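Asks: The residues making up each chain are set out below.
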Amino acid sequence: MSESGGPDVTQELRLPWDDDPEDLYEHAPCGYLTTLPDGTVVRVNETFLTWTGYERAELVGHRRFRDLLTPGCQIYHETHYAPLLTMQSEVHEIALDVVCADGSRVPVLVNSVLERAAGGAPRVIRTMVFNATERRSYENELLLARNNAEASDKRVQVLQQIVADLAAAPTEAEVAEAVVRAPQPAFQATSASIYLTDADRDELVAVASTDPTTGNWDDMPRGSARAVAEVARRGDLHVVHNLAEAAEHFPDLAATMTRSGRKTVVLLPLTTGPAEDQAGVTVLGVLAFSFTEERRLSDGELRVIRLLGQQAGQALDRARLYDDLRRREERAEFLAATTRALDEEHRLLQRSRRLVERVAPSIADWAGVRLHVGSAGLREDAGGPPPDPDLLADRIAEATAAVKPVFATDGDPLGCTVLPLTARGRVLGTLAVRMAADRRGVDAERAFLVDLADRAGLALENARLYEQERAIAQSLQRSLLAADVPGNDPRFTVETYYQAGGQDLEVGGDWFDAFLITPSKLAVVVGDVVGRGLEAASTMGQLRSAIRALATGENGPARLLEGLDRFCQRVESARMATVVYAEVDLEANELVYACAGHLPPLLHQPAGAAEFLMHARSGPLGSRAADLRRTEHRVSLGPGSRLLLYTDGLIERRDRPIDRGFEVLNRTFSRLRGAPMKGLTAGLADTLVGREHADDVCLLCLTLGAEERLERSLGADPLQITLLRSDLRAWLLGHQVDQNCLNAVLLACSEAVANAIEHGYRNDPFGVVDVSATLTGDAVEIRVADRGSWRGPGESRGRGLTLIEECMDEVLFDRGEGTTVTMRRHRGDAA
Amino acid sequence: MTERRTTDRIPTDQWVTFSKHGVAETVHLKGEIDLANANDIGRAIVARTTLADAVLIDLTAVSFLDSAGVRLLDLIVGELDERGKPIRLVVGERGAARMTLQLCAFRNDLFAIDLDHAAEELGP
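Taken in sequence, the protein lines are chains A and B.
With the first letter of the first sequence counted as 1, position 765 gets the number 765 in my numbering; the numbers rise by one all the way through.
Basically my numbering = 1-based index in the second sequence + 1000.
Honestly, the hints are just simulated from the structure, not real lab data.
Incorrect hints may appear among the rest.
Pairwise CB distance ranges, derived in the manner of DEER restraints [stated by the list, open to error]: (1) B:E1079 with A:A401: 50 to 58 Å; (2) A:A397 with B:D1013: 34 to 42 Å; (3) A:G377 with B:Q1102: 18 to 26 Å; (4) B:D1013 with A:G798: 38 to 46 Å; (5) B:Q1102 with A:D764: 54 to 62 Å; (6) B:Q1102 with A:S670: 37 to 45 Å; (7) A:A397 with B:G1078: 34 to 42 Å; (8) A:Q474 with B:D1013: 42 to 50 Å; (9) B:E1079 with A:D764: 29 to 37 Å; (10) B:D1013 with A:E554: 27 to 35 Å; (11) B:D1109 with A:G798: 20 to 28 Å; (12) B:E1079 with A:R667: 51 to 59 Å.
Source: prediction; values computed, not measured.
Beta carbons: idealized from backbone N, C-alpha and C, even for Gly.
Let the sequences and hints guide you as you build the complete structure.
Replies: Below, the structure is given as structure tokens:
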């Protein structure tokens, strides 16, 4: 019964061959073979004979089944088919190849059954053979399709990787690097090279290659006849399949291919823009890759190659935009940082220096500023080597006259761009830069340079104005400080020193002054006005004059400070200035002093250590918060006492607490007790402040009367002799030594010290010469000692010795460890 | 503080200036001439006097002269004597320079008291 419920028709069907089994056997849709256990064919049907083209008589009784197989299948037959059949008595779907009578092969599938006799011995093998030609070719197709799919997959994977790499490549160079690495894994290319379009220079630039030794690895004009340039112009993929094709279309390529052993070359333009519109695309570069074998590329591969060209083109486009953006950002940052850096320097020279040092080497290999200031002008260069001076001068003249930048051009022998530096419509000077020939963005580059010159011009003009004001302030200050400090008075010596702030600060308000109030009363002042620059300098001048006006024989320091407090009511800028003021009675040898917020004076009496004068202290001038009750203090001074007034620049250092500064000052001042008075203040500043003095330093040292005994230690430097003579002269004058004796003693002493320096130390700058001078009754005695090894006078110093002997009444040389010369001369015209 | 190696050349204008007195190249020295500056001053003077037909050296403003200064003057005098050209040292009636030169026993015929007188002596 049919399950569908329809009529059962099978009873009615009579198949036509049912009654002819022989025909069924012969013409069955498969081959039949009956063989003996050893494989000898004993029966075969017509179907098998038709497939294989054998005659029945050729096979039956003459051939074994395995004789009909290919050699490979024969082995398979022996190792698999036969053992299986023996063990299992049957095998199924064994795939074998049968060799036909004409030698061709028919792929077949075989089922066999082994029939055994009653005792179990093999009797006969029945084999059914299916023609598998169709199936095998179908299988092959499947295999091919799978291989193709795999290859395509791999290409897609490679392409995906490349697309990922391209997306991550921020610069043109990195994009090029990613693209040039693609053809080897994707298409099994032997090598690849990439050329990028440089629109500004109208060139194709070779930027990367997996094997730069092959190919014609040169930049070329875009109009070149070379294959790469041609493909870039056409904007379409070119596959040069073999040498013959290359020779026909691109002779240069054929030559390269022959040289590097390449058979097939692919030239792929890297494009951006609409893919379907050939005219609308922009070619940003060309990827060339090649094969050592002739290579047919499938349609699928060509599609992938085109896709690669578009992807790479887009990535290049993006990288170029990104490059531009980044370059713009860098430039903006550079400009901002340069403006900041210039602001840090106030002086014109330093600012100019800063400018050229910012420019070279950051954006140029050489940069130079020329400013029309002063009589000689100002010039600062950085980087190198310097350009041809004549060509540069011409270009500077051109840019200055036209008030316009003159840009360097390709092939320019000078290679420098010169930009006028202008401010308020005036050409202040020029900035010249020599930059590496930039590959792109010429307009952007020019705009940037103009921007830089604008900023630099303004910054330098400001520095020039600053410089002007500073010069005025300085000359004002200098004129005030240089004014007549009394000298040539045997009763006292004043030594002053002023050192401007080292880090190009504006002039400070530090000052010193010394003047005689009455013939026997000397005033000494050191003060410090708040603030810097022109205003501080003029306030300092006003205060200085006010002090001179207020100092009278009767007033005294405390009254004088009160007067200054009143002065501050009217001169606001003088408020909070600090002052130390002292009056010295030259007859009574007495010091009266007062300190208005100023650092304490340092006094070194002939006996004992130096000490700070800590009395009579009150607040700065005009202070509202500090104690303004002005007091004064008296100290009597021994002859030869030294008093030091100074400003805070001398002891204040960032790396040292102030109390330590006081300590160092005290120690140094005490140690310099033996140093000549002349140059003492400069020496103090040098020792205490050194090179990195940020602040102004102002010093005044007063030596009172003549020391009983003059003792000095000098460095072995001829310049020191001059300083010593100054002290010795003052000392001799202080002791009323007559002029002839004085001149003779000065000469003899100078000659003796010169001897010690030249012959004792042979100009060793670390040698020390000790000099002492004493008055014994009616004579002057000088002793000059060195610790050098004396070699006896040369001809030149022979005269020096003669002079010593002529000048002095007694001369004694003592040569032990070093040499000591002791000389005496009677006061009066004895010699 | 000034630091200076003795080999450096320093400007000598503060110690030496020049003028013409008739045919005589006149050298005016001023201040202290000693070991520290004599060489530099010597160079400046020799540059002006090598070809001079007569030389006057005015030492009246010199406040100190040591043996290095004496050596320098000795050299210049010797050189002019050799060329047979006249030279006078104007030393005034007293002063440090005169003292030193007399102590060194310079020839009396070299000394002159004042500049005009000396110039007349050397005149054509």
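Asks: Could you run down the list of hints and mark each one as holding or not?
Replies: Status of the hints after comparison with the structure:
no., hint, result
1, B:E1079 with A:A401: 50 to 58 Å, "holds (54 Å)"
2, A:A397 with B:D1013: 34 to 42 Å, "holds (36 Å)"
3, A:G377 with B:Q1102: 18 to 26 Å, "violated (53 Å)"
4, B:D1013 with A:G798: 38 to 46 Å, "violated (32 Å)"
5, B:Q1102 with A:D764: 54 to 62 Å, "violated (34 Å)"
6, B:Q1102 with A:S670: 37 to 45 Å, "holds (43 Å)"
7, A:A397 with B:G1078: 34 to 42 Å, "violated (54 Å)"
8, A:Q474 with B:D1013: 42 to 50 Å, "violated (23 Å)"
9, B:E1079 with A:D764: 29 to 37 Å, "holds (32 Å)"
10, B:D1013 with A:E554: 27 to 35 Å, "violated (46 Å)"
11, B:D1109 with A:G798: 20 to 28 Å, "holds (24 Å)"
12, B:E1079 with A:R667: 51 to 59 Å, "holds (53 Å)"
This entry does not satisfy hints 3, 4, 5, 7, 8 and 10, going by the numbered hints stated previously.
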